[in-house]
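Participant: Sequence:
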Amino acid sequence: MNHWLFKSEPDEYSIDDLKAEPRRTGRWDGIRNYQARNFLRDKVAVGDGVLFYHSACKIPAVVGAAKVVRAAYPDPAQFDPESKYFDPKATRDKPRWFCVDIQWQSQFAHPVPLKVIKQDPALEEMVLVRQGRLSIQPVTEQEWRRIEKLGNG
DNA sequence: GCCAACGTTGGC
DNA sequence: GCCAACGTTGGC
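Taking full-length UniProt numbering, the leading residue of the first sequence gets 1, the next gets one more, and so forth.
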């Protein structure tokens, strides 16, 4: 089982929105960045753990955990001319963008702010710290455990 | 809202 | 096939 960190702008889709979905399960769509797409399409698997991160907000932070319940399938929004995620170059035969389904697992007692993560020597190798702008990224098991400890400790 | 990092696109 | 322009992301 692998571990991941997924970023979302809480104004767009927060962890509370995920929790409010039927069966607490939502589609992780709208990814339009190739590095993120490749992780999503090629590596993210059912059962993998997901750290839910709130970005582009007042206090960017890891706020809880989810798990992958459906592996990659073509993001329907790319075919929808009405959608802001519409991509005229994507076809049903050759979809360009993918999505997965994730299920809410837990909310941290204390969100773990980016600021705290950046100051933690145990987390200095995190992709979140090393490469800022990537909305789907791998997390090591050690990093996962450390974040959970900070969030629930 | 600025702008830096990164990847893709497309003119030549 | 080089590389400048462009799009996306996201902290500040």
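It cannot be assumed that every hint is accurate.
[To be verified] Straight-line alpha carbon distances no greater than 25 Å define the calculated PhoX-like cross-link-like pairs of lysine-lysine that follow:
| hint | residue 1 | residue 2 |
| --- | --- | --- |
| 1 | Lys118 | Lys94 |
| 2 | Lys43 | Lys115 |
| 3 | Lys19 | Lys94 |
| 4 | Lys43 | Lys67 |
| 5 | Lys94 | Lys84 |
| 6 | Lys58 | Lys43 |
| 7 | Lys149 | Lys58 |
| 8 | Lys149 | Lys89 |
| 9 | Lys94 | Lys43 |
| 10 | Lys84 | Lys115 |
| 11 | Lys19 | Lys89 |
| 12 | Lys19 | Lys149 |
| 13 | Lys84 | Lys7 |
| 14 | Lys89 | Lys115 |
| 15 | Lys149 | Lys94 |
| 16 | Lys149 | Lys84 |
| 17 | Lys7 | Lys149 |
| 18 | Lys58 | Lys89 |
| 19 | Lys149 | Lys67 |
| 20 | Lys118 | Lys89 |
| 21 | Lys115 | Lys7 |
| 22 | Lys94 | Lys58 |
[As the list claims (entries may be wrong)] Cβ pair distances, simulated, as ranges:
| hint | residue 1 | residue 2 | range |
| --- | --- | --- | --- |
| 23 | Arg24 | His110 | 20 to 28 Å |
| 24 | Glu124 | Thr91 | 24 to 32 Å |
| 25 | Asp42 | Asp87 | 27 to 35 Å |
| 26 | Asn152 | Ala20 | 20 to 28 Å |
| 27 | Lys115 | Lys94 | 21 to 29 Å |
| 28 | Glu124 | Gly47 | 40 to 48 Å |
Keep in mind that the hints were calculated from the coordinates and are not lab data.
Because the structure is a prediction, the values reported are computed rather than measured.
C-beta: ideal position from N, C-alpha, C; glycine also.
Participant: Which of the numbered hints are not met once you compare them with the structure shown?
Facilitator: 1, 2, 3, 6, 8, 10, 11, 14, 15, 16, 18, 20, 22, 24, 25, 27 and 28
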